[in-house]
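Asks: This is what each chain is made of:
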Amino acid sequence: MFRFIARRLLQTIPVLLVLITASFLMLRLVPGGPFDSEKATTPEIKHNLEAYYGFDQPLHKQFFNYLGNIVLHGDLGRSTKYSNRTVNEIIADKFPVSLELGAWSLLIALTIGLSAGILAAVYKNTWADYVTSGIVMTGICVPTFVLGPLLVLAFAIHFGWLSASGWYVWQDRVLPALTLGIVYAAYIARLTRGGMLEVLGQDYIRTARAKGASETRVVLRHALRGGLLPVVAFLGPAIAGIITGSFVIETIFQIPGLGREFVNSAFNRDRTLILGTVMLYAVLIIALNLVVDVVQVWLNPKLKFD
Amino acid sequence: MIPPLRFSYLFVYFAGILLLSACGPRETAVERGNREQILSRGMGPDLSDLDPALATGTSDYTVLSALFEGLVAEDPVDLHPVPGVATSWDVSPDKLTYTFHLRANARWSSGDPVTARDFLSSWQRVLTPKLAADNASLLYLVQGAEAFNKGLVTDFSKVGFAAPDARTVVITLEHPASYFLSLLQHWVWWPVHTPTLEKSGSLYERGNRWARPETFVGNGPFTLKEWRLGQRIIVEKSATYWDAATVRLSAIHFYPIEDINAEERAFRSGQLHLTEALPLAKIDTYRATQPQLLRIDPYLGTYFYRINITRPFLNARDVRRALALSVDRDLLVKNTLRGGQLPAHAFTPPGTAGYTPQARIETDFAEARRLLAAAGYPDGKGAPVIELLFNTSDNHRVIAEAIQQMWRKELGLDVRLVSMEGKSVLAARRTGDFQIMRSSWIGDYADPLSFLSVWTGDSGNNYTGWSNPDYDLLLHQATRTDDSAAREALLQKAESLLLADAPFIPIYYYTHVFLLQPSVKGWSPTLLDHHPYKHVWLQP
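Chains as they are written, first to last, in my numbering: chain C, 1 to 306; chain X, 1001 to 1540.
Okay, chain C solo, but in the shape it has when bound:
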């Protein structure tokens, strides 16, 4: 297993290198630069700005400087938009916020999704299944930018229990976590139901029942382990998506997370910030996929590390 993990980690190095190079070059091809603004500056001022950020140097030199700073100092560079902040600082400031939002959402998604999925599978083709599946379909179909404002209208504006925006007290966290969580809960519920139904019909479940195992034990211990496989495969990329922040949720609820900053940095052509965030996302996705592969082998004895 360790050889498997070590090999996978080594493979990430060329992947990251290709990613950085491609992103770096693509950013130069995009029309518009970080210093294009509504009101013009003089050519002299613009030249000085470019010199300060090193944009006046040949492209290959800029690239190797950038790479060198990352490898040697772990320095992702200075933001062109926020003149007194570094990219490291911005990510350190914003990533924990997205991470926390993601953690709460994931908790909600797993709690609702798993229980709804198991419920629907165990009570297949009863009213409980239909009601749950109906709610789940609604959850998948209603986009977050509709659900979020609706929840705000009800719970923040009409009842005044929770906050419409911000990120300070627990009342601020409920609605965004719920909005983000419900979408994932819906997917998890569908996958759990499907996975469970498949497993519940298998011979080893019948064997367990024949041996007199209680129904709770059959469902939660024997069936769930196999039934969760599709959910686990889904969770890898899903967790990466959920903790790296959602632009829509963070914008609707005015949460100072990395998702919002990432999209804004693209609008601002804040090249260093875009590159830094892209790399963070890449590392996270690679790492989480690795974790998923390991967990899948653990859950399914038929699979092996090769």
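FYI, nobody ran anything at the bench for these hints, they're computed from the structure. The beta-carbon is built from N, C-alpha and C at its ideal position, and this holds for glycine as well. There may be inaccurate statements among the hints.
Here chain X is said to cover these stretches of chain C; the calculated rule only asks that three of the stretch's residues, wherever they fall, bring their Cβ under 8 angstroms from a Cβ of chain X [as the list claims (entries may be wrong)]:
hint : stretch
1    : 80 to 86
2    : 158 to 166
3    : 223 to 229
4    : 247 to 254
Chain X is faced by these chain C residues, among others (derived, beta-carbon under 7 angstroms) [what the hints assert, rightly or not]:
hint : residue
5    : V15
6    : R28
7    : P31
8    : G32
9    : Y52
Model the placement of chain X on the given structure of chain C, informed by the hints.
Replies: Below, chain X alone, put in the same frame as chain C:
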């Protein structure tokens, strides 16, 4: 055997919701603010920096004006210059030399007195080429400032700034400028505490981290308490401010909210006293149901279309005039925009420092058709397809579609709408890769020159390829003319020249549409949307 499903599980969910409701409605930020004199406001996108030399965004004034004060300040009602750090000023008979007398009790938030040297070293910093301050050109009016900023002169004593003693600042201008005191209200002129800057880095390099709550020193009515990027800026009343007795607010909370719909929801849930903007679609609802919350103030800005006059077809003056004459602005303003905007028949907004353009581009379809025919395109026959470029936004699209219809119906022209994301539009503008593009101009200071200087041949903001030596000469003379009647005559002549050539199509003059709680007092409508916070207070 599967146990029957119990309804009791559902109660767990309901119990959770009941628990929430037990919290009951909380005291909102607005209610608490009214009680404790804390103003909460939206401010548009977050600032790039709180350093007045480097701040560039449109919302920067909103926060910086709480933290700094220049030589002159603004009257809260009509923004005329009133004493700020300077108690008084003298102007030499040739109108070239301004002598400012600083008050003795002006203090930095660190307790140090605000001195003439502070101003001089701040201006030297702004003009130092290496700092690459975007707004340095706003100081070019001062003798030698431009040469110093462009690196042609390296001795700062050659620039027209002097400090004969700690409480006197003398500024010598290149030429007389009646708008100089208004110009001083731009934040790039405000002083910074250079000893503080030197402690946290170089004075003349970007990336100095002094403008952060831990190290911040300012001289305004408030001082920086918290700045969490993308979340909130808090300023609190400064104890060292010379006029602290006038300041009634105890703190201001600024919320950077890019999404105007989210801002409106925050306002409705009681989190904001005022918003930065309001979605067009919501104006009618507020007007009908809660007019006491809706504010529509005049605003010093023009919405217009630039025409690239280097392109065939558009290089014909008659064609441009025909396009400009066949835009029904009254209809646009009344039916499409609905936010109290004024139809624009010229470039400078009427009433800018007492100036109202006399030349006008009217709506005259018959004349437009005649001009187009005279240019060789009767009823649009033989005319190429025109591309109209705008940055992606519902508001811009609605206007573009209306104008597309007008040109098609009245002139028989085919117009293709092209929408691109903001920076791509700016790049197209820079490289001249457009035919007609949506544009706007917001005045830096209340003077017609802040508008008309856009169109000179050497202006970095022109972008149309249009230039006219007569126009440049008229503006050059107006800049140097002190007699206000003669100056106005020159400006009127320049503007009529401009409109006759029509390198652009005026569409409307902006208004500032926003929501305001009635508890906010002292918030007068001002042309530049400036509201000196020391005159604002909350009264439930």
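Asks: Hint C/R28 vs chain X: min CB-CB distance below 7 angstroms?
Replies: 12 angstroms, violated
Asks: Okay, the stretch 80 to 86 of chain C and chain X, do three or more residues pass the C-beta test at under 8 angstroms?
Replies: holds (count 5)
Asks: Would you settle whether the hint for C/P31 is holds or violated, based on the nearest Cβ-Cβ distance to chain X being less than 7 angstroms?
Replies: Since the shortest Cβ distance to chain X is 4 angstroms, the answer is holds.
Asks: Hold the hint about C/G32 up to the distance rule: shortest CB distance to chain X must be less than 7 angstroms.
Replies: 3 angstroms, holds
Asks: Please count how many residues of the stretch 158 to 166 of chain C have a CB within 8 angstroms of a CB from chain X and say whether that reaches 3.
Replies: n = 8 at 8 angstroms, threshold three: holds.
Asks: How does the coverage statement for the stretch 223 to 229 of chain C fare against chain X, requiring three or more residues with Cβ below 8 angstroms from a Cβ of that chain?
Replies: violated (count 0)
Asks: Using Cβ atoms only, decide whether C/Y52 comes closer than 7 angstroms to chain X, and label the hint accordingly.
Replies: Hint on C/Y52: holds, closest Cβ of chain X at ~6 angstroms, below 7 angstroms.
Asks: Residue count check for the stretch 247 to 254 of chain C against chain X: does it reach three with CB-CB under 8 angstroms?
Replies: Satisfied; 4 residues make the cut.
Asks: Under the criterion of a CB-CB separation shorter than 7 angstroms, is C/V15 in contact with chain X as hinted?
Replies: For C/V15, the interface hint is violated, since the closest Cβ of chain X sits about 29 angstroms away, which is over 7 angstroms.
The structure shown violates the earlier hints numbered 3, 5 and 6.
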